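There are 2 protein chains.
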Amino acid sequence: MEKINFTMLTDFYELTMANGYLKNGFKDKIAYFDMFFRKVPDGGGFAIMAGVEQLIEYLENLKFDDKDIEYLRSKNIFCEEFLEYLRDFKFSCDVWAVPEGTPIFPNEPVVTVRGPVIQAQFIETMVLLTINHQSLIATKANRIVRAAQGRGVMEFGTRRAQGYEGAIYGARAAYIGGCIGTACAIADRDFEIPALGTMAHSWIQMFPSELDAFRAYAEAYPDNCTLLVDTYNVLKSGVPNAIKVFNEVIVPKGFRPKGIRIDSGDITYLSKEARKMLDEAGFPDCKIVASNSLDEYIIRDILIQGAKVDLFGVGERLITSKSEPVFGGVYKLVAIEEDGKIIPKIKISENVAKITNPGFKELWRLFDRKTGKAIADVLTIRDEVIDDSKPYEIFDPEHTWKRKTVTDFYAKRLQVKIFDKGACVYKSPKLKEIRDYCSEQIDNLWDEVKRFENPHVYYVDLSTDLWEMKQQLLKRYSVK
Amino acid sequence: MEKINFTMLTDFYELTMANGYLKNGFKDKIAYFDMFFRKVPDGGGFAIMAGVEQLIEYLENLKFDDKDIEYLRSKNIFCEEFLEYLRDFKFSCDVWAVPEGTPIFPNEPVVTVRGPVIQAQFIETMVLLTINHQSLIATKANRIVRAAQGRGVMEFGTRRAQGYEGAIYGARAAYIGGCIGTACAIADRDFEIPALGTMAHSWIQMFPSELDAFRAYAEAYPDNCTLLVDTYNVLKSGVPNAIKVFNEVIVPKGFRPKGIRIDSGDITYLSKEARKMLDEAGFPDCKIVASNSLDEYIIRDILIQGAKVDLFGVGERLITSKSEPVFGGVYKLVAIEEDGKIIPKIKISENVAKITNPGFKELWRLFDRKTGKAIADVLTIRDEVIDDSKPYEIFDPEHTWKRKTVTDFYAKRLQVKIFDKGACVYKSPKLKEIRDYCSEQIDNLWDEVKRFENPHVYYVDLSTDLWEMKQQLLKRYSVK
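Which chain is which? The protein sequence lines are A and B, in order. According to the working numbering, the residues represented by the first sequence are 1087 to 1566, in order. According to the working numbering, the residues represented by the second sequence are 1087 to 1566, in order.
Hints are computed from structural coordinates only; laboratory data are not their basis. Keep in mind that the hints are not guaranteed to be accurate.
To be verified - When the alpha-carbon atoms are kept at most 25 Å apart in a straight line, the in silico SDA-like pairs for lysine to any residue are as follows:
no., chain 1, residue 1, chain 2, residue 2
1, A, 1556, A, 1492
2, A, 1427, A, 1470
3, A, 1408, B, 1355
4, B, 1440, A, 1297
5, A, 1113, B, 1355
6, B, 1440, B, 1124
7, A, 1440, B, 1414
8, B, 1109, A, 1492
9, B, 1440, A, 1397
10, A, 1322, B, 1439
11, A, 1176, A, 1397
12, B, 1427, A, 1507
13, B, 1322, B, 1310
Since the model is a prediction, treat every value here as computed from it, not as a measurement.
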């Protein structure tokens, strides 16, 4: 896809702050920011990281052009020195991110940025916008895919997405989350996400009768014929006409029918009846596709009721994550450097859940060597090392008496460096590889973490050193 | 903003159908499609039309380039004649739309397209994606703006939007719906939506103390100084420090402080206490800005409780329309032409609410001449004229015994032609004009229609001729 320069897609306060930092002599002041989120959407047990590739594209293309400078000058609040700074802007931060497709949990730094505060602060809006959107949709798609228990889920939401990139990158994220394809042609062209689709009701209406419409479609696509059977009446008209056309057109040409699609009515009842009719007509291999306001809850329920659906097309409730359309990632200052020394910073809040984890940190995942399952994540101070050759004690950072000693495990750092002093040092895997990696990593989670409601809360703990640093800062900054 | 060619941002089935239409000799077959929606989001009484300007841009730039043709050829399902057709594609439809900013109601054709079925069908995805998204956000923004009862509402949601255009066109739609500005700089640069913003918590944390941070900001922006007062403790630290800096820096420079912003905690309590402190300190003109997970319900409630807030910054719940993030517009075939005659088409459904209004129609709004208020909307067959010099009887299309005779009214056609045989014949008003028009039109609605919950259902009726045509088609197509 062509690329737009989104440098100015930023909250205005990033610019007023940047100008202020420059005025205050903070041009070379080094700051550290973490992006993290506080709550998994839909009350789920984990989220899925997505959007890193687009974040990289944005950071590689950061550039203020003349039009931007002129616009900013016209606001009459920025000093000329700042506008000069923007004109010569060269991104020089270090950036680390958790790779796309990785299961992620609340309060973990999924992106960490180190660099001149003006720059590290400026990119906040796009870091959040990019990662929040795609992680939201990847997470939702994966819930729906898991509900379908191995049946294919196709992303059908383009027309109900929130804006053009909501559709395109939404399709990308849905594929990472496990969808098998999309209805969106541009997502196929640009990301090689298989595009699928057959006909709308209007196709049927364009012909004198449903039978004529089916015949015309079967003649045009004999080797790939899925017919939409609910325009008039699924069981009295749609399925009988489809069977007739399969026998009259598809079979004589030496092909097998691909499927029928039901887009309205009671999917459970209609799919069971249609399955019987297709089987009796000698088409047990003809798939039944269901669409129409589906999500993980409806799919789970109709499968419990014995619906005979082979493929689900999921639209608006996936592409907008309708039941919870916001991924609440935030971007917080966690440290500054003074004379080359890292000084941790903390954000206090009257709401205890909003207090940040200070300092330049490392994010580790501990895996059980026997089962391969993820046991816990641990945040440490950046230069700490978790020695996985010895038992390691983890503890709940709030209820510190809750302790557990982990043995026979291996510890893996989750963040990878994606920018080094402003230069990209990471190559995004192919989308298919990200999707496979995502699936593998989710296999490493316990089923208890994967429940749709009231999942087991996966441990995200702090090392003893980090916990103590946090306590000291809390004491120092709390207002009496 | 630079423009991307979104021709391929389409559901794949638009292409398979188009190829099939061509194969079936439907190249010059004329079809009519309506876009309409069935339900106002959030149970509201009306929605707001938005997105027409971007729809026009899309239609003006429809073009399949070599890359698109190559991609389609690689799918091995499209005939060469079709790929040739796409290479020479020239949009030639007539398009009518309800102007942006107009209050719209369920089952009304807000966009109508007439033209070769291949083209008129093809644009479905983008018509829906564009209008659905912006109408959703304009409608939500207007609810929030009405809840604020004259206080300014600023759109602060960029970082939580669903994709880049979700943020940018979301800001545009929010402005149409009545927001006074946005946090999004690019929306200001490109749409002249006033961008607003001051500082993040990280600004405060970058300095040795809150007081130092406030001083530095006040020195940088003495004439436009809004301070974020909730980093440590609003009433014990933030507001006292702000007052100190207003007195020490702002006033001596001959300015007045602009405001304080509260982004966490109990807005009602904190704003009342902060108001008292500011008033006692001699700053009754200093505004209080509130943000943090606001929407129309919370704003209504805190104002009932006497919160002293002058301006609201509303983020994720506006930019995603969180409580209902889907605007369910659909695009349905309503007629075809045969030998130059318009043949109405209907889509039957087992769900009665999903049955379409057939035919090429006109959408009228009847206004009371005395009050200026909108009385009802009426759909007629296209060439019918509502004579507003005489009394006009309207009736409920389902409960036809419910009748009302309207007198002393004027009737206005709501659709305007935006494309004539593929050429744009409409110039979008300036965004500010759209916003003003929207506000005026909403003033013409009865308060009963504007209730947030259980609003009066505004009449959208059919003319007698249209109603009878629909009944005939229902009889003809219903399956026994």
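Verification of the hints:
1. 1556/A with 1492/A: This hinted pair holds, its Cα atoms lying about 23 Å apart.
2. 1427/A with 1470/A: Roughly 16 Å separates the two Cα atoms, so the pair holds.
3. 1408/A with 1355/B: Given pair residue 1408/A, residue 1355/B is violated - Cα atoms ~33 Å apart, limit 25 Å.
4. 1440/B with 1297/A: 22 Å, holds
5. 1113/A with 1355/B: Violated, because 39 Å separates the two Cα atoms, which is more than 25 Å.
6. 1440/B with 1124/B: With a Cα-Cα distance of about 8 Å, the restraint between residue 1440/B and residue 1124/B holds, given a limit of 25 Å.
7. 1440/A with 1414/B: 35 Å, violated
8. 1109/B with 1492/A: The given pair, whose Cα atoms are some 66 Å apart, is violated under the 25 Å limit.
9. 1440/B with 1397/A: Cα-Cα ~24 Å, so holds.
10. 1322/A with 1439/B: 21 Å, holds
11. 1176/A with 1397/A: Roughly 48 Å separates the two Cα atoms, so the pair is violated.
12. 1427/B with 1507/A: 68 Å, violated
13. 1322/B with 1310/B: Satisfied, since the Cα-Cα distance of roughly 24 Å is no more than 25 Å.
In summary, the numbered hints that this structure violates are 3, 5, 7, 8, 11, 12.
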